[in-house]
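Each protein sequence line maps, in turn, to chains A and B. To convert, note that position 119 of the first sequence is 125 in the numbering used here; the numbers rise steadily by one, no gaps. To convert, note that position 194 of the second sequence is 263 in the numbering used here; the numbers rise steadily by one, no gaps.
Since the hints were derived computationally from the structure, they do not count as laboratory data. One should not assume that every hint holds.
[Said to hold, decoys possible] The calculated EDC-like cross-link candidates involving lysine to aspartate or glutamate, where the alpha carbons are at most 20 Å apart (straight line), are:
1. A/LYS45 with B/ASP101
2. B/LYS193 with B/GLU178
3. A/LYS108 with B/GLU285
4. A/LYS108 with B/ASP101
5. A/LYS108 with B/ASP262
6. B/LYS237 with A/ASP104
7. A/LYS108 with B/GLU178
[Stated by the list, open to error] Cβ-to-Cβ under 8 Å is the rule here; a few derived chain B residues that face chain A:
8. LYS237
9. VAL270
10. THR280
11. GLU441
[To be verified] Listed next, with one range per pair, are the computed distances between beta-carbon atoms:
12. A/PRO100 with B/TYR174: 54 to 60 Å
13. B/LYS118 with A/ALA106: 48 to 54 Å
14. B/VAL435 with A/HIS95: 32 to 38 Å
15. A/ALA29 with B/GLY453: 55 to 61 Å
Quantities reported herein were computed from a predicted structural model and do not represent experimental measurements. Every residue, glycine too, gets a C-beta built ideally from N, C-alpha and C.
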Amino acid sequence: MAGIRMTKPWVALSPDSIDALPAQLGVYQIANAANEVTKIGYAGGREAFGIRTALQRELDEGGVSFRAELTHGYMTRFEELLMIHMHDHNALPPGNQDHAQKVGRLMIDGANATPNTEASS
Amino acid sequence: MDLSLSDEQQLIVETVRRFVADEIVPLEADLDPDAGALAPDDFQRLVAKTKEMGFYGLDIPEEFGGPGLDTTTRALMAIEMSQHRAGLYNPCYGTFGGAGLAQLYEATEEQKEKYLYPTLRGEKRGCFALTEPSGGSDPARAIQTRGHEDGDQWVLNGSKLYISGADKADFALVFARTSDDPGRNGVTAFLVDTDTPGFNVRRVVHTLRSTHYATEISFDEMRVSKDQILGELNRGFAIANDRLSRQRIPYAAGCLGAAIKAQEMAIEWAKNRETFGGLLAEKQAVQWMIVDNEIDIRHARYCILEAAQKADRGERFRTEAAMAKLVASEASGRVVDRAMQIHGGLGMTKDLPLERWYRELRIRRVGEGPSEVQRLIMAREILGGSFK
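Please take these sequences and the hints and turn them into a complete structure.
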C-alpha cells in the first residue's frame with residue numbers, strides 16, 4: 007500500500023463553497039487555475055470554525071480552488087500529503103516552502119522519492 | 070520503601086517543574102493542540118537552557134558525556150517533564166536532547182563512529198525496526214524478516230510495521246531471522262543505512278496519536294555487509310529485549326506525569342465550578358472520583374519508584390519494571406478519564422490537554438509491551454521454574 011493521494015475533484019474557492027463545509031478539523035489542498043497544487047494546509051484545533059476559517063484565509067490570499075478532507079488526524083495526514091507531493095514533484099508546493107520540519111521519504115507505486123530531502127531547501 | 074527525595078533530587082524536580090511551567094506551557098498556548106514540535110528558534114533557545122542546566126542528553130551514559138543520572142532521579146524528572154499537553158510522547162518537545170538508540174552503546178568502535186557519535190551530535194537519526202505485521206507482543210517468535218548469507222553480505226527480505234521515524238531516519242536497527250531457530254536464538258540485529266537499495270518506506274500508519282505517524286517498511290533483496298551486524302550473529306534478540314526492559318520505568322513515569330497534571334486540573338475545577346447550588350467539590354460523586362484518582366496516582370508512583378530504586382541498587386527489577394509499566398499506564402488512563410468526567414463538556418474539547426492525553430494514554434497500554442505481556446513477564450518471574 008502506498009501513501010493515499012487526495013484525488014477528489016477541485017472545487018472553486020468561494021464564500022458559498024466554504025459555507026457549504028462543516029466547521030470541522032481537516033486537511034486541504036489549494037490549486038491554481040491550472041489545477042496545480044500550490045499549497046497543502048490543515049485546519050487545526052485553534053481555528054474558530056475549522057476548515058471554513060482556514061479556507062476563508064486561503065481565499066483572501068488568492069486561492070483559486072480547493073479540495074478537502076475532514077479528519078481529526080489532521081497533523082499526520084498533512085505530513086503524509088507533503089510526503090506524497092515531495093515524492094511526485096521532488097519539491098514542496100510553493101505555499102509550503104517555509105515548512106520547518108524535515109519531510110519524510112515514501113515509496114509510492116514502486117518508486118522512491120529523492121531520499122530525505124530537507125523541506126526548506 | 071523510602072519515598073522521600075534527597076536534597077539533590079528535590080532541587081532537580083523543582084528545576085524541571087519550573088522549566089515546564091515557565092518555558093513549555095506558555096508556548097503551548099499558541100501551538101496547535103496536536104502540535105508535536107516547537108518553532109525552531111524556541112527549540113534552540115530552550116536547548117541552550119537545558120544545556121546550561123546540565124540536563125541535556127539525559128539518557129546518554131556518563132562516559133559518553135551524559136549527566137550520569139541514576140534511574141530514580143531520571144524517573145522523577147520524567148514525571149515532571151510530561152506535565153504538559155505534548156508531554157506524554159514528546160516531553161518538553163525534546164529540548165532535553167535524545168540519546169539515540171540505546172543499543173548503539175554496545176556497538177563496535179567503527180559502528181559508533183558511523184552511527185552513534187553523529188546521532189549524539191544531532192547529525193543523524195536512527196529508527197528501531199523490530200515489530201512486524203505478524204505481531205509485536207512476542208517479537209522473538211513473530212519475526213519473519215529473513216536474512217540469508219551471500220558471500221560477504223547478508224540479504225534481507227521482509228517487512229516491519231509501526232516503525233516510528235523510518236521515513237526520516239538515516240539508519241535503522243533491523244532485526245531479522247538468520248537461522249532455522251524459530252525463537253529468540255535465531256535473530257540478528259543489523260545496522261542498515263536507509264538509502265540502501267531495497268529499504269522502502271511503504272506507507273504512513275495513522276493512529277490515535279494524531280500528531281505523529283508510524284510507518285510500514287519493507288526490505289526487498291536488501292544487501293547488508295557483515296560488518297553491519299550489531300553484536301553477535303543470532304544473538305540480536307537479547308539486544309532488543311534489553312531495551313524493552315529498561316524503557317519501562319521512564320515510560321511508566323511519563324504516564325504518571327500526565328495523570329498528576331490531570332488530577333491537579335480536576336481538583337482546581339471541582340473547587341471552582343458551581344452546579345446545583347454548590348461547588349462540584351462538595352458532591353460526593355466528584356469527591357470519590359478525586360480520591361480514586363489519588364489512589365491510582367500513589368499506587369503508580371510507588372511501583373515506579375520501587376522499580377527505579379531496585380535498578381539503582383543493581384538488583385533484578387524485571388517484575389517491578391513490568392508492574393510499574395502496567396500500573397502506571399492503566400491507572401493514568403483512568404485518572405484522565407475521571408478528570409474529563411469532572412470537567413464535563415469542557416473536558417471533551419481541545420481547549421484542554423485532557424482529550425489528547427486520553428487518546429495517547431490508550432496507546433500506552435499497548436506500547437512497549439501491552440498489559441497482558443507485562444502480566445506474562447511477572448507471572449514467569451513469580452512462578453519461576455518451568456514457567457519461566
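Hints, verified against the model:
no. : hint                               : in the structure
1   : A/LYS45 with B/ASP101              : 19 Å, holds
2   : B/LYS193 with B/GLU178             : 17 Å, holds
3   : A/LYS108 with B/GLU285             : 18 Å, holds
4   : A/LYS108 with B/ASP101             : 18 Å, holds
5   : A/LYS108 with B/ASP262             : 18 Å, holds
6   : B/LYS237 with A/ASP104             : 18 Å, holds
7   : A/LYS108 with B/GLU178             : 29 Å, violated
8   : LYS237                             : 5 Å, holds
9   : VAL270                             : 5 Å, holds
10  : THR280                             : 5 Å, holds
11  : GLU441                             : 27 Å, violated
12  : A/PRO100 with B/TYR174: 54 to 60 Å : 44 Å, violated
13  : B/LYS118 with A/ALA106: 48 to 54 Å : 20 Å, violated
14  : B/VAL435 with A/HIS95: 32 to 38 Å  : 36 Å, holds
15  : A/ALA29 with B/GLY453: 55 to 61 Å  : 59 Å, holds
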